[in-house]
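2 protein chains.
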Amino acid sequence: MNAQIITIGDEILQGQTLDTNANYLAKMLTDLSFTVERVCSIGDTKHSIVNTLDLSVGKYNLILITGGLGPTSDDITKKVLADYFDGELVENEEVLADVKKFVEARGFKLNDLNRKQALVPTSCKVIRNPLGTAPAMLFEKNNSFLVSMPGVPFEMKQIFEEKVIPELKKIMDFPTSCIKIVHTYGIPESMLAERLEDFEKELPDNLKLAYLPSPEGIKIKLFSFGGHQKRLCDLIEEQVKKLQNILGNNIFGFGDDTLEKVLAKELIAGNKKVSTAESCTGGLVGHKLTSVPGSSAYFCGGVVSYSNQVKIQTLGVKESTIENFGAVSKETVIEMAQGALNLFNTDYSIAVSGVAGPEGGSVDKTVGTTWIAIGSKDEINAFVFRFGTRRDINIRRAAATAMHLLINIIRKEKS
Amino acid sequence: MNAQIITIGDEILQGQTLDTNANYLAKMLTDLSFTVERVCSIGDTKHSIVNTLDLSVGKYNLILITGGLGPTSDDITKKVLADYFDGELVENEEVLADVKKFVEARGFKLNDLNRKQALVPTSCKVIRNPLGTAPAMLFEKNNSFLVSMPGVPFEMKQIFEEKVIPELKKIMDFPTSCIKIVHTYGIPESMLAERLEDFEKELPDNLKLAYLPSPEGIKIKLFSFGGHQKRLCDLIEEQVKKLQNILGNNIFGFGDDTLEKVLAKELIAGNKKVSTAESCTGGLVGHKLTSVPGSSAYFCGGVVSYSNQVKIQTLGVKESTIENFGAVSKETVIEMAQGALNLFNTDYSIAVSGVAGPEGGSVDKTVGTTWIAIGSKDEINAFVFRFGTRRDINIRRAAATAMHLLINIIRKEKS
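Chains A and B, in that order, are what the protein sequence lines are. Per my numbering, the very first residue in the first sequence carries number 1; after that it's consecutive. Per my numbering, the very first residue in the second sequence carries number 1; after that it's consecutive.
Since the hints were derived computationally from the structure, they do not count as laboratory data. Wrong hints could be hidden among the right ones.
Which copy? The list can't say, so a pair holds if one copy fits it or any two copies do.
DSS-like, lysine-lysine: derived pairs with alpha carbons at most 25 Å apart [claimed, not checked]:
#1 K109 <-> K365
#2 K116 <-> K201
#3 K201 <-> K79
#4 K101 <-> K272
#5 K79 <-> K208
#6 K116 <-> K219
#7 K116 <-> K208
#8 K273 <-> K261
#9 K230 <-> K180
#10 K157 <-> K219
#11 K46 <-> K59
#12 K116 <-> K221
Quick caveat, the model's predicted, so the values are computed rather than measured.
Build out the structure end to end from the sequences listed, making use of the hints.
Pasting the structure below:
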């Protein structure tokens, strides 16, 4: 079953508002295993609404519209829908009661604008709004179901989940589907695609794969559809096992996992604590670690040793080490990690020193060169990476790589 | 001049990715005074791309496409564009060189997938990508200009601003307009609107004002259009002067300024250094300070004192102070700021301690309560704030507020 999402509002076309409604509905419909073929944002004009309806009605099983139902004059959606679906606007008693209740609850008197919100097309099924004033409206034409909903996100979400979906399930056969997100780190998209070439070739027809890259890793999305629900999810789990065999510890998590969440789980599970010694990341590793609620269970603190002097005085890095090998070196980053272990007496430490750029690069240490050391009670391991030329991306990748390294070291110790 | 934005990618249609590219381009085009009439997200299939092109080419002056150019097999946009604009795919030497350089800089060997990225349609003008592997492509047909760009946001933004806009200005008459962004901090949107009520009433007809709120402050966008370029910009400067009189030091910058960039300028101008003592922000202040290139000129380092023990041992906060007043208190945050001054011997220090939430709140110290101290050679000033209930937002606001406080203190010392 295919679907289109239409969001109405100049604030989206002018880039003043990020279209979170479309994103939310796209995710919901996909999880309900509709194929969302098109998402469109248009202005609140008769011309563009009619134009878009002409291209949609009869073509998609389901069309969802948000926005253009507010009390203000620039909202003409309802009138256009009434005409388009061969009806007219009439006052609806139930809706008027809802509007009245809503307005008076806020200590206001019902005004003409509010009253206008109780007008609904005769050609639709009214779906009352538990939160706001504008109701949702369900239309049917040429084998397309169309639902128009208010644009205020929290209103739209509640009415969609509590009222619209149950309503649609009465009149449509919802297809089955299963989705799984697999999080990878440490392997670029082109290499990932190469390593998964055969895997992709062997995928069953009712299973799709997509890559979602970012500096914090590449998500692999597995999506199966059609047939029995349980079989779909079993099918996906089989494929996930294959992926784990191919990608090993490049896979760090699933679903809503992030590097910092997974690292938090591993540290809490082992009742371990970590500290940081950050140079080029300037505190980003600490910020990531503490972005997870309850992080005080595994993070006590760190030193942002941006200058060499702080590396020496606070972390106890030897002056000679920096003189002989430089601040961005295996030797220095190892002493930084040791310094954090000593200073904070933690089970693990993360030390990062790199050339974030744009300045500071040299022939042997180009911009993006980054040394990361992971300290533990027994040993300190150092790794070098060559990221790109962009300061912000280099910093994000350095922090992400450091967290990924520690995750893998902890997991290796467990096994 | 009207425009359409088309974003390609199943990850948008399936709600995996929020379509920030469309939002960014809509904003940019609006600022360049194009009328964005339609924003569409479609899948990476020949059918839907051709279908959308048929509805767009010849109808809009400018069509921007992002996505569908990556190395993986699900990207077929380039082939479709080549056919649609009556060309064929050929290997482009310059692009191949860019791809090779990019891949090898990351320590990988060029593979067939990378090589495919050097294929470009004969019917387009190639716009090389300074950051990534996929180039942008400029086509023309039936009085429509169409630009296809990579989907990775930071790549797309840079190539659009640095390469595509200049290219388009050569071949299109951009309407005249002038824009100025005024950055404010420390005043909520409702209060801002109240204080600017008369100012807005008196605005000339060809000048528009918009508020763009975020945890890092509210941007005021002044936008004038039509007539002579210089007159438009003069007009805006007049209004900016009025704004400065009304808002005073709630205005911290203009244009591309950010709190961290402005603070960097102030510190460098006065040849001053700053250090940090962060608790609830976990390193975000340090990360912000070091996100600006050349930050070693004014930032030497800091301590992330997440646990009380680190506050005591590393920063020298008195155990009794934390016992008597708590970790989130005026007394503790002042001793943290003093500790950073002592430890790092800087001109200024920033100390932050708050209840980020969701746990840890109490009756007198609810979630969001945050103490910030700014230390200088002569004195240490502490301030308390009550932010909201969301951990991530509280942390961002705490870091932003701390930077804004230091900016104002430095500026006060100067005047």
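Regarding K79 and K208, is the shortest C-alpha distance of 25 Å or less found within a copy, between copies, in both, or in neither? between (41 Å within a copy, 21 Å between copies)
Given a CA cutoff of 25 Å, do K116 and K201 count as a within-copy pair, a between-copy pair, both, or neither? between (56 Å within a copy, 19 Å between copies)
For the identical chains here, do K157 and K219 meet the 25 Å Cα criterion within one copy, between copies, both, or neither? both (20 Å within a copy, 22 Å between copies)
Intra- versus inter-copy proximity for K79 and K201 (alpha-carbon distance at most 25 Å): between (50 Å within a copy, 21 Å between copies)
25 Å Cα cut-off: does K273 pair with K261 within a copy, between copies, both or neither? Within one copy only: 14 Å inside a chain, 34 Å across chains, cut-off 25 Å.
Indicate which option fits the pair K46, K59 if close means a Cα-Cα distance not exceeding 25 Å: within, between, both or neither. For K46 and K59, both the intra-copy (20 Å) and inter-copy (17 Å) Cα distances are at most 25 Å.
Cα distance capped at 25 Å. Does K116 pair with K221 within a copy, between copies, both, or neither? between (42 Å within a copy, 23 Å between copies)
K116 and K208: within-copy, between-copy, both or neither at 25 Å Cα: between (46 Å within a copy, 22 Å between copies)
Up to 25 Å CA-CA - K365 versus K109, copy category: Between. Shortest inter-copy distance 20 Å satisfies the 25 Å Cα cut-off; intra-copy 56 Å does not.
For K101 and K272, with the copy left unspecified, which applies at a CA distance of at most 25 Å: within, between, both, or neither? neither (40 Å within a copy, 42 Å between copies)
Homomeric proximity label, K230 with K180: Cα distance no greater than 25 Å: For K230 and K180, only the intra-copy Cα distance (13 Å) is at most 25 Å; the inter-copy one is 55 Å.
For K116 vs K219, is the C-alpha pair at or below 25 Å within one copy, between two copies, both, or neither? For K116 and K219, the Cα distance is within 25 Å only across copies (22 Å; inside one copy 42 Å).
Hint 4 alone, counting from the list given before, is not met by this structure.
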